[in-house]
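*Asks:* Here is how the chains run, residue by residue.
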Amino acid sequence: MSNEPKKQKKEVTRRQFLAYTLGGTGGFLAASMIVPMVRFAVDPLLQDKGESEFVKVIALDKLSDEPVSVPFKMLQKDGWVEEEVDLTAWITKNASGQVQALSPICKHLGCTVNWNTEKKYPNQYFCPCHGAHYEKNGKNLAIATAPLDEYEVKIQDNYVYLGKLGPNTKVTT
Amino acid sequence: MLKSIYNWIDERLDITPLWRDVADHEVPEHVNPAHHFSAFVYCFGGLTFFVTVIQILSGMFLTMYYVPDIMNAHASVNYLQNEVAFGNIVRGMHHFGASLVIVMMFLHTLRVFFTGSYKAPREMNWVIGMLIFMVMLGLGFTGYLLPWDDKAYFATKVGIQIAASVPLIGDQIKELLQGGDIVGAQTISRFFAIHVFFLPGALLGLLGAHFFMIRKQGISGPL
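Chains as they are written, first to last, in the numbering used here: chain A, 1 to 173; chain B, 1 to 223.
Excised from the complex, chain B in its bound form (with noise of 0.2 Å):
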């Protein structure tokens, strides 16, 4: 049944290239936990990967309750995690997966590191990595303020003082975060579509370029 549909559809549009492309390639044994349990430290990429699609599904979820604004934030996300049914485990899946993602995407660069990867011709793609590490530090600052309580709104408060700090345009980086003179209804509002509208996009442009250069490129060769 599956299998006809597969090939109906494979008929007229010739699909079969273009997953095997992406699926089929093989591992370098150096790279291949069955050859040099060692290797592991190769997996770290595809978990932080793996983490980032589990941050971008319980966050697409958490926004059918979640409501970004200074009124309504901290009674939404109670409410979610409260009286929703499995509320506690999509925040939770979203929270704890925030911190996850920063572990792993730090290995990860450990490992890039560490085994000198980022090596010619590979330059081009440490750039890449370091714009998606700074992107996700941006969706862990912008993140942190949604759920508008204590820690969040002094967290903020704290990392904006940070930015302002910068020399001659301390003051303009500060009010461009706050949206305003304050951190209030603005900020959360500007947090809120910087998290889930531009940062995500631009990670998403920046994975593909990622992956694309890997592809191209393949895995460095062994120590």
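If we strip away everything but chain A, and leave its shape as in the complex, we get (with noise of 0.2 Å):
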């Protein structure tokens, strides 16, 4: 014989049905009107970024184990502007034919490095702002927390071609 809390019978008032139908029917048209603009205006987080294309730039035979600057243009799109951009790349061919080409931007501050330019350190990359230098395959050695980045490489009729930009591949920590 326990005394059993009575239930409650929930009921909705008219006021709360009032409430919630309304609010519903108000954010529902709010929303129709938000959501488009906002996915309007996050578009370019979402939209597809699309294959890079691989551009011709150097002959595999004028390529050794020093880096050589090449200078190259590849087509970048933004938005409505499609223009091609000069673009630069630290290119060597080592011992076993393997291809490697670095971005010359300092992964400090993103000034320009340049090879074998500082009676310090031989045979490495140095930057002029900082001092940030690096080994011949990108490794930091200093300042720079990063190594150097490195373009996708394709080898094709005894031509290089680079793609992408990355982060480096050849340098393990």
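Just so you know, these hints were derived from the structure itself, not from any lab.
Being a predicted model, the structure only gives us computed values, none of them experimental.
Treat the hints with care, since some could be wrong.
[Claimed, not checked] Capping the alpha-carbon separation at 25 Å, the derived lysine to aspartate or glutamate pairs in DMTMM-like fashion look like this:
hint: 1; chain 1: A; residue 1: 77; chain 2: B; residue 2: 69
hint: 2; chain 1: A; residue 1: 77; chain 2: B; residue 2: 149
hint: 3; chain 1: A; residue 1: 136; chain 2: A; residue 2: 65
hint: 4; chain 1: A; residue 1: 164; chain 2: B; residue 2: 181
hint: 5; chain 1: B; residue 1: 3; chain 2: A; residue 2: 83
hint: 6; chain 1: A; residue 1: 77; chain 2: B; residue 2: 123
hint: 7; chain 1: A; residue 1: 62; chain 2: A; residue 2: 11
hint: 8; chain 1: A; residue 1: 49; chain 2: B; residue 2: 83
hint: 9; chain 1: B; residue 1: 174; chain 2: B; residue 2: 149
hint: 10; chain 1: B; residue 1: 216; chain 2: B; residue 2: 83
[Said to hold, decoys possible] From the derived model, a few chain A residues whose C-beta atoms are all more than 10 Å from chain B:
hint: 11; residue: 10
hint: 12; residue: 11
hint: 13; residue: 22
hint: 14; residue: 33
hint: 15; residue: 36
hint: 16; residue: 41
hint: 17; residue: 43
hint: 18; residue: 47
hint: 19; residue: 52
hint: 20; residue: 79
hint: 21; residue: 109
hint: 22; residue: 115
hint: 23; residue: 129
hint: 24; residue: 133
hint: 25; residue: 158
Think of the CB as a built atom: it goes at the ideal place given N, C-alpha and C, for glycine as much as any other residue.
These two chains come separately, so use the hints to put the complex back together.
*Replies:* Below, the structure written as structure tokens:
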């Protein structure tokens, strides 16, 4: 004979019902207005990045163990603006024939590095801005916190083709 | 949760009377469509404001992609219309909403006219309403040029020629609108500034005055 607490039947009052239905309808209408606009605004995040094209840059037999600075042009699509941008890569071919193309942009603060220009660091990439320097494969030795980025490389008919820029794959930390 | 956030703010700032004053007011029977269906004509003013809000919002979003410049204007509109997700919808809202604002505003004006609501003591609000009408037409005229396509270009040429037909100062008006000798680079950047800064600023001020007066004076009585 326990005294069970009276189960209150939860009734929706007229006021609550109106608040929910009007709120719901209003919310739906507002959402149908706001959602397209928000999706419109965040489109850059969700847009298909697409495959990057490979660009023919230099003959394979012109490369050696010594890095050479190779200028090339790549088509850049930026919204409604499509233009060729001038880029440079430091390209090497090691003894086993492997080709590596490094970006000359310092990973510290984005200055341009050069090969073998500082007497203190022979046979290294050196950045004149804050003295960051890198090994031939791009490994960061001082100042910079990451190795030099490298371009995707493709060899075809004895020519080197460069693709998308990405993090260095040859350097293991 | 929401309730307690609200209470926390309300304890400190006492905001309830503020929104009560804005939102809680009786709608007289003769303007309530639930009593007389024909009272829907009293909704046109509110609908005009609703579409205006859509115009402001969609316009803000459009400027994320639009560039007011003769080299890029058409290309950027083409891009946002065809390449960006929901671009056709957001631009469609702004494009069709622009016409709808004029239609709604016209209907609202007719309602005010035929119910005689412009009479004393509401004459000033009629004048403010007419100024809003002109600002809206100005927004339509300046916005029309911005896509920088053939239609935009020639519509603006015609509009400016009409303005140039004003006696005595017509040529000065024309040059002031164009910002130069031709409809070109200076015209589009000028029209953009007028379309997104000057006229909307004026519009918000006028709307504030319009709403303040209607709350102060109340809705005019039944016919």
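*Asks:* Now tell me if each hint is right for this structure.
*Replies:* Hint check:
1. Taking the CA atoms of residue 77 (chain A) and residue 69 (chain B), the gap is about 19 Å. The hint holds against a cut of 25 Å.
2. For the suggested pair residue 77 (chain A) and residue 149 (chain B), the alpha carbons sit about 23 Å apart, so the restraint of at most 25 Å is met.
3. The suggested pairing of residue 136 (chain A) with residue 65 (chain A) holds, with an alpha-carbon distance near 9 Å, which does not exceed 25 Å.
4. A hinted pair counts as satisfied when its Cα atoms are at most 25 Å apart, and residue 164 (chain A) with residue 181 (chain B) does not qualify at roughly 47 Å.
5. Between the alpha carbons of residue 3 (chain B) and residue 83 (chain A) the distance comes to roughly 54 Å, so the proposed pair goes past 25 Å and is violated.
6. About 57 Å separates the Cα atoms of residue 77 (chain A) and residue 123 (chain B), which puts this hinted pair outside 25 Å; it is violated.
7. Taking the CA atoms of residue 62 (chain A) and residue 11 (chain A), the gap is about 85 Å. The hint is violated against a cut of 25 Å.
8. The hinted pair formed by residue 49 (chain A) and residue 83 (chain B) meets the criterion: a straight-line CA distance of about 13 Å does not exceed 25 Å.
9. Taking the CA atoms of residue 174 (chain B) and residue 149 (chain B), the gap is near 21 Å; set against the 25 Å cutoff, the hint holds.
10. Straight-line distance between C-alpha atoms of residue 216 (chain B) and residue 83 (chain B) comes to about 48 Å, which puts the hinted pair past the 25 Å bound.
11. Non-interface call for residue 10 (chain A) relative to chain B: holds, since the shortest CB-CB distance, roughly 18 Å, exceeds 10 Å.
12. Residue-level check passed: residue 11 (chain A) sits 20 Å from the nearest beta carbon of chain B, beyond 10 Å.
13. Its beta-carbon lying about 13 Å from the closest one in chain B, residue 22 (chain A) satisfies the requirement of being farther than 10 Å from that chain.
14. In this structure residue 33 (chain A) is not separated from chain B by more than 10 Å, as the shortest Cβ-Cβ distance comes to only about 6 Å.
15. Under the 10 Å C-beta cut-off, the non-interface status given to residue 36 (chain A) relative to chain B is violated; the minimum distance is some 4 Å.
16. Residue placement check: residue 41 (chain A) does not keep its beta carbon more than 10 Å from all beta carbons of chain B (closest about 6 Å).
17. For residue 43 (chain A), the shortest C-beta to C-beta distance to chain B comes to about 5 Å, within the 10 Å cut-off, and the non-interface label is violated.
18. Not every CB of chain B is more than 10 Å from the CB of residue 47 (chain A) (nearest about 8 Å), against its label as outside the interface.
19. Look at residue 52 (chain A): its CB is around 18 Å from the nearest CB on chain B, clear of 10 Å, so calling it non-interface holds up.
20. Not every beta carbon of chain B lies more than 10 Å from that of residue 79 (chain A), the smallest distance being close to 6 Å; the non-interface claim is violated.
21. Every beta carbon of chain B lies more than 10 Å from that of residue 109 (chain A), the smallest distance being close to 29 Å; the non-interface claim holds.
22. Under the 10 Å C-beta cut-off, the non-interface status given to residue 115 (chain A) relative to chain B holds; the minimum distance is some 39 Å.
23. Interface exclusion of residue 129 (chain A) from chain B stands, the closest Cβ pair being 33 Å apart, more than 10 Å.
24. Consistency note on residue 133 (chain A): stated as away from chain B, and its beta-carbon is indeed over 10 Å from all of that chain's, at 42 Å minimum.
25. Remark: the non-interface label on residue 158 (chain A) is consistent with the geometry, its nearest Cβ contact in chain B lying 38 Å away (cut-off 10 Å).
Hint compliance for this structure: hints 4, 5, 6, 7, 10, 14, 15, 16, 17, 18 and 20 are broken, all remaining hints hold.
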